[in-house]
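Peer 1: Sequence:
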Amino acid sequence: MTDEKKLTPRAQDFSAWYNEVVVRAELADYAPVRGCMVVRPYGTALWENCQQSLDRRFKETGHQNALFPLLIPMSFLQKEAQHVEGFAPELAVVTHGGGKELEEPLVVRPTSETVIGYMYAKWIRSYRDLPILINQWGNVVRWEMRTRLFLRTLEFYWQEGHTAHATYEEAQEETIRMLNIYADFATNDAAIPVVTGRKSDAEKFAGADASYSIEAMMGNKWALQAGTSHNLGQNFAKAFNIQYLDRNNELQYCWTTSWGLSTRIIGGIIMVHGDDQGLKFPPKLAPYQVVIIPIWRTEDQKSTVLEAAERLRRELAERFRVILDAREEVTPGWKFNEWELRGVPLRLEIGPRDVEQGTAVLARRDIPGKAGKSVVPVAGLSHAVGELLDLIQANLLAAATAFRDANIHEPKDYQELKEVVADGWAKAYWCGDPACEAKIKDETKATSRNIPLDQGDAGPGSCIVCGRPAKEWAYWARAY
RNA sequence: CGGGGCGUAGCGCAGCCCGGUAGCGCGCUUGGUUUGGGACCAAGAAGUCGUCAGUUCAAGUCUGACCGCCCCGACCA
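Residue numbers (the working numbering): 1 to 480.
Derived by calculation from the structure, the hints in this document are not laboratory data.
There could be a bad hint or two in this list.
Claimed, not checked - Derived DSS-like pairs (lysine-lysine); straight-line CA-CA distance at most 30 Å:
{"id": "1", "residue 1": "Lys238", "residue 2": "Lys302"}
{"id": "2", "residue 1": "Lys6", "residue 2": "Lys221"}
{"id": "3", "residue 1": "Lys373", "residue 2": "Lys412"}
{"id": "4", "residue 1": "Lys238", "residue 2": "Lys59"}
{"id": "5", "residue 1": "Lys59", "residue 2": "Lys412"}
Unchecked claim - Label pairs and their computed distance ranges (CB to CB):
{"id": "6", "residue 1": "Glu101", "residue 2": "Pro69", "range": "19 to 29 Å"}
{"id": "7", "residue 1": "Asp423", "residue 2": "Arg468", "range": "26 to 36 Å"}
{"id": "8", "residue 1": "Glu169", "residue 2": "Arg319", "range": "52 to 62 Å"}
{"id": "9", "residue 1": "Glu85", "residue 2": "Gly138", "range": "15 to 25 Å"}
{"id": "10", "residue 1": "Glu144", "residue 2": "Leu306", "range": "40 to 50 Å"}
{"id": "11", "residue 1": "Asp13", "residue 2": "Leu102", "range": "22 to 32 Å"}
{"id": "12", "residue 1": "Ala379", "residue 2": "Pro32", "range": "49 to 59 Å"}
{"id": "13", "residue 1": "Leu245", "residue 2": "Ala31", "range": "45 to 55 Å"}
{"id": "14", "residue 1": "Pro69", "residue 2": "Gly467", "range": "50 to 60 Å"}
{"id": "15", "residue 1": "Asp390", "residue 2": "Glu419", "range": "51 to 61 Å"}
As the structure is a computational prediction, the values presented were derived from the model and not from experiment.
Even glycine gets a Cβ: it sits at the ideal position worked out from N, Cα and C.
Using the sequences and the accompanying hints, generate a full structural model.
Peer 2: Here it is as C-alpha cells:
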C-alpha cells in the first residue's frame, strides 16, 4: 500500500486488496494464534444477517436448531473410514484436561457428523421418529496449512445441517432441497450468482456418497465453493448404528445428509462485489443499508442540520438499518470515503442547502461519483430509499452475473482449456476418469468445480482430455 | 513442509552495509481555525528496537540460535 489512503488496486494485486479491505473495513482482524481471526462487530453484523436469511429458510423447510458439543472422542472419527482419512491431517486434538492426561484424546470438532450420528442412534427407534431435521450454528476447527481471513482459517463459524431419513430418495431430496436453498440465498440475498452441481469423487466430502456445491466466480475469476450439501448414504448410519424399525417391523439403517455454509460466504461477498474503493454490500445483508452524513459550516447550521438529520434517521430506521455519522473529528469527505470502503449501499448527505429546500442527496455505492447521486425531496424519502435499495440489490446481481457469464468459456480442445482456465472458467466434457481430472489439475491448477445437475440441452460429448465418450460436462477453474 | 518477505511508538516505514544510546509519515491528546469528495496551524503523549545468548568500553546496528507473522506453492469449507 504505497498511498496510505488508497487500497492496493485489485488489478495490481487481488490478494493484497482483499487483505487490506478486510482489515481496514474492520470486518475481521488477525488473532494472536496463527491462522485464527477475530470477527469484529461489523463483520459479525454481516454474518448475523446471513444467519437470519438462512435460518428463516431452514425453519420454513421444517428444520430445528440444536447445539452439540465442541469436543468429540477421537474414536468417533475413526468409525467411518473415509471420514477419518479425510480429516485426520487437520485435527486439533485435546490430550490433557484438568491437569491430567486424558485416557482417550478428544478432537475439537472439524464437523459434527460423528457426534450427531451417535446421538441420532440414541434418539431414533421407529420410522415414526423420521425424518429428523436438525441444524447447528457453531464453530469448527480444521488445522489448515495456509490460511486467509474468512476464506480459510483454523477456526471458522458456520451452520451444519444434519438429517436422517427412512429412504434414499428422501435423503437425496433433502440434499438437493438444501443445495437449492443455498443457491437461493446466494443469488437473492448475497447477490452472488452461483452454479449448482455434483462434486467429483476427488472433491467430495470425506464420508459422503455424493456431494453437491454452489460455486461462485470471484473478481479475479477464481471459483469459490460457497456451500455444500452431502448425501451421506448409509455410511454414518452404519458406523454409528442409526437404525429404525420400519412398518414391517424390520430393522433398517437410516439415510443421512449434511449440509454446511460458513463465514467463507463473507469472503465471497467481498470478492464478488468489491471494487478499488472497497466493499460493496448487497442491501439485503448490509449491516447498515443507509449512512446519513450531515454537513455544516457554522454553529447555527450545525444545529439545524443535525436536527434534520436525526429526524431522517428516525424516519428511515422504521424500515431500514441506518446509521447517522455525526462525528465532528472527521470531515464529510473523509466519511464518504470511509463508508464507501465499508460497503454501505446508500449514502444520504444532508447540508444547509438541503434543509432550506427540504431535500437530501442520495448517493449509490454501486454507481461511483456524481452519476450515482440524486437530489430527492425529504417528503416520501423512505419510499425513495426503499426503491433505490432494491435497484442496488438487483444491479449488483446483474453486474456479477454479467461478469461471470463473460468469463465462462467452452474450449474446443485441451489446449484451449489450458488457456481458458488461466483467466476464467471452462465448461468442458469429462469422461469421469480421475486420471483425466488429475491431469488438468496438475497442468493448469484448475480443478473440477462441479458437474451441473442441469446439463442444458447438451447431449453426450467427448472428454476434453482423453477424447473418450463423456456423458456429462463440468465447470473447471482455479479455486480458493 | 518447500520458496520469498518481514518483525523498530497504535498503523506504515527509515535507521543496520560503516556499532556511539532512536527518527519520519499517519493516527492519538489539547487548543484554535475548518467541514457539499480523504482540511490546516500550534503544542503534547507515546518505543523492554520479536526473544535469548555471544562479541565489544559500547549493540536497533555485528554473530548464533530460537519464536512469530504475512505472501507464493503442495492440502482444504
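Peer 1: Are Glu144 and Leu306 spaced within 40 to 50 Å by their CB atoms?
Peer 2: Since Glu144 and Leu306 have Cβ atoms about 48 Å apart, the given range 40 to 50 Å holds.
Peer 1: Taking 45 to 55 Å as the stated bounds, is the beta-carbon spacing between Leu245 and Ala31 within them?
Peer 2: holds, 49 Å
Peer 1: Taking the CB of Asp423 and the CB of Arg468, does the distance hold inside 26 to 36 Å?
Peer 2: holds, 28 Å
Peer 1: Regarding the pair Lys238 and Lys302, is the alpha-carbon distance no greater than 30 Å?
Peer 2: Violated. Lys238 to Lys302 sits at ~71 Å, over the 30 Å cutoff.
Peer 1: Taking the Cβ atom of Pro69 and the Cβ atom of Gly467, is their distance within the range 50 to 60 Å?
Peer 2: holds, 52 Å
Peer 1: Is the gap between the beta carbons of Asp390 and Glu419 within 51 to 61 Å?
Peer 2: violated, 40 Å
Peer 1: Holds or violated: are the alpha carbons of Lys238 and Lys59 at most 30 Å from each other?
Peer 2: holds, 28 Å
Peer 1: Using the C-beta atoms of Glu169 and Arg319, is the stated range 52 to 62 Å upheld?
Peer 2: violated, 44 Å
Peer 1: Going straight from one Cα to the other, do Lys373 and Lys412 come out at no more than 30 Å?
Peer 2: violated, 45 Å
Peer 1: Taking 22 to 32 Å as the stated bounds, is the beta-carbon spacing between Asp13 and Leu102 within them?
Peer 2: Since the Cβ atoms of Asp13 and Leu102 sit about 46 Å apart, the hinted range of 22 to 32 Å is violated.
Peer 1: Verify the proposed pairing of Lys59 with Lys412, using a straight-line Cα cut of 30 Å.
Peer 2: Status violated; Cα separation ~45 Å.
Peer 1: Decide if the proposed pair is consistent with the structure: Lys6 and Lys221, CA atoms, cutoff 30 Å inclusive.
Peer 2: This hinted pair holds, its Cα atoms lying about 23 Å apart.
Of the hints listed earlier, those the structure fails to meet are numbers 1, 3, 5, 8, 11 and 15, in rising order.
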